[in-house]
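Given the coordinates of chain A, work out where chains B and C should sit on it, guided by the hints.
Protein chains in written order, with our numbering: chain A, 2 to 261; chain B, 2 to 228; chain C, 322 to 553.
Everything labelled a hint here was simulated from the structure, so no lab data went into it.
Just so it is clear, the structure is predicted and the values come from calculations on it, not from any experiment.
Every residue gets a Cβ at the ideal spot worked out from N, C-alpha and C, and that includes glycine.
Quick look at which bits of chain C chain B covers, simulated, 3 or more residues with Cβ under 8 Å:
#1 483-490
#2 502-515
#3 527-541
Pairs of lysine-lysine residues, derived as BS3-like cross-links and limited to a Cα-Cα distance of at most 27 Å, are as follows:
#4 C/Lys446 / C/Lys347
#5 C/Lys347 / C/Lys405
#6 A/Lys251 / A/Lys226
#7 C/Lys333 / A/Lys166
#8 C/Lys333 / C/Lys405
#9 C/Lys405 / A/Lys176
#10 A/Lys176 / C/Lys347
#11 A/Lys166 / A/Lys226
#12 C/Lys373 / C/Lys446
#13 A/Lys176 / A/Lys166
#14 C/Lys522 / B/Lys160
#15 A/Lys233 / A/Lys251
Far from chain C, some chain A residues (derived; all Cβ distances over 10 Å):
#16 Thr160
#17 Asp161
#18 Leu177
#19 Asn181
#20 Leu217
#21 Asp227
#22 Ala260
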Amino acid sequence: MTLKIDLTFQVRYYSIDFEQTGFLSIYTQIGTLVDHGKRSHSMRPHDNVLGGAVLEVTNLSFGYSLGRQILVNINLSCQGGEVVHIKGSNGRGKSTFIKILAGLIRPQVGTLSWTDDQKVMMPFETCEYLAAEHNGLNDELTAMDNLRFWPSLKGAQVTDPLVLKVLERWGLSGKLIQSNLTIARFSTGMKRRLALARVCLSNSRIWLLDEPTYGLDTQGLSALKDMIQDHKGKGGLTLVVSHEPGELSKLFTNTVELAG
Amino acid sequence: MNFSIWNGLGRLLLVAVLYLWYQSIFVLPPDIHQGEVYRIIYLHVPAAFASFALAFGLLGTSLYGLATKSPGSEFASKAVAEIGFLFTLLTLVTGSIWGKPTWGVWWTWDARLTTTFILAVLYAGYLLLWSSLPPGLGRIKSTGILGILIAVDVPIIYKSVTWWRTLHQPPSMMREGGSTMAPEILSHLIVSIVALTLVSLYLVWRRADNLKTEWMIEVKTLNQLGA
Amino acid sequence: MREGASTFSQFKTIFRFLILSELANKERMLAPVMFSGITLILLSFGVGDLPKDINLDFYNTKLFVTLILALSLFFSRVFDLDRKDGIHDLMKTYNLNPFSWFAAKFALVFLVSWSTCIPTFVFAKLFSGISGDIFSNFWQTLTILSATLAGLTAMGVLLSAIVMNADSRALLFPVLFFPLSVPVLLAALHCNDHILQGRWKGLSDGWLQILLIFDVTYVILGAILFSETVEA
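Pulled out of the complex, with its shape left as it was, chain A reads as follows (with noise of 0.2 Å):
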């Protein structure tokens, strides 16, 4: 069975449009989100083989309030078992477009549509998102801690034998490491692999990465590489964001260019 979901934006939220300078015409922006998707399906989350995931983004537009628009009719289509990069220099809506994904943003214009021919999809609830600047940890807590937190609140049963695994998986062994010291202590890379460690723990078919290579020394490199090798052979869809991807531009599958 398929379950489609799309949401379709319409909302001309702060809309540019100078020729209706009329006061009751910024009153009639329309708000639409127009959700496809039955909301009552049961979940059914984690399941360690990953069905194929399907992302669909149509005519996607987005600017802040002020100032020009920085995503134009962006257009995306993308398949389970796909690495997508996306590309473009500064300032070209790299992270923005990556935050709409997410959820984080509401666009403007356009389409956002997830299939899933596993029944266990909601707008966004597939998605796992790091963040180019944050890394979503809180420095006075420990690594169990912080790991525990974050793949539990998604539903999934985290045992202390998987998240030791994991992190033996990105060099954080050690008690002292795992249970004793806050991440306050932590490096700019060590915070950055617990961030990746976390994407791991959560089995979500969608990966969105922003940045994901931020501090990671070659080692860490090559742990990333091996993750997205990974959930690439399960059949997630795993989207990156990188100026300087290096070994990891042997995975991709796409490309795309945000040029603005």
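Then chains B and C, alone, in the frame of chain A:
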């Protein structure tokens, strides 16, 4: 300013209010007990009514903003809060001026004055929040929620403050009951209330339009700069 | 939107995380307590010795004014955790049920605010030389304090969510919080006054009704409006 029906009506309203004030000051007879000073109620009471009515106007624009996320609601809410703040100040000042000869003090913790004072602080807080948030969807939501909180809280504040005064003090010297008023004074007061409330709505409308124009100029300039 | 079990498990997860974060730095909890202690001392010094009947009124005022001041200090940092390292944004992408999020915040703040409330109560009683031990009228006092805290907590969580992204949060929060909490202050004051004078009438007391109306209104508003602050 372009001449339109609405502008024309607005000017007509201003003329009507001036005429009403002329009547209040020069034509109507003085009060038996309070003498000439009572005439300030033709400004004080309508201003108070308008400032409380605008609190519910704020509820309306806030709910509209949260429901539609329309940018226009933001300007309308800001305009309502600004005019509301102005009218609460007007109420407080005229209340003090009236209070000095009547009660012998500039300020007393009368229930209505206290509530108006709190309302003024809340309007000011709303404007502060509005100006310290970046424009956009987030601001529509945050200020919308605050607008609802204010409008919901005002009746509770009024109830509790009134109760607090009646428990601690003998009933207020000021009796605004319709029964003690001469019919001509009462009817004139009601006309004044209606007129000033309409004036407040007119001002809100002009101010919201103003804010919108301001914003459009800003965006247009930024667009031309290619920012 | 989601099944009950899932909503509840989200609530549990968030609540656990919040508690862990709160306990990670226990010194932070001391700040409101110190603040209320100092405020009470200053107020007592400023006024000096009072006749007995006025002293009772003053004790009451002192207690609740200090409590609201100290709690505002505590409430204003409810969303400090979320501002850290993009945690709030990441939680937004998880498409959580806003109700479980609000409930977790509410439960945490309600529980932790007792750590401010109890010391303030004890200090106020000790410093004022009011006769009767701390545990006199225990249940009535507990009712009043819970009702006060519930309303203030719901309002505090909502307000600090609103001002989270504002430039001058530290200034804005009290400016908005104090005028909105006037009814709570008056109602709590009078309820406690009735208790101290032995005129406690339970639910038929109009002031307790105002307090409860405030509580119900703000808990409902909080549960409904919080979703607006966390959706894109």
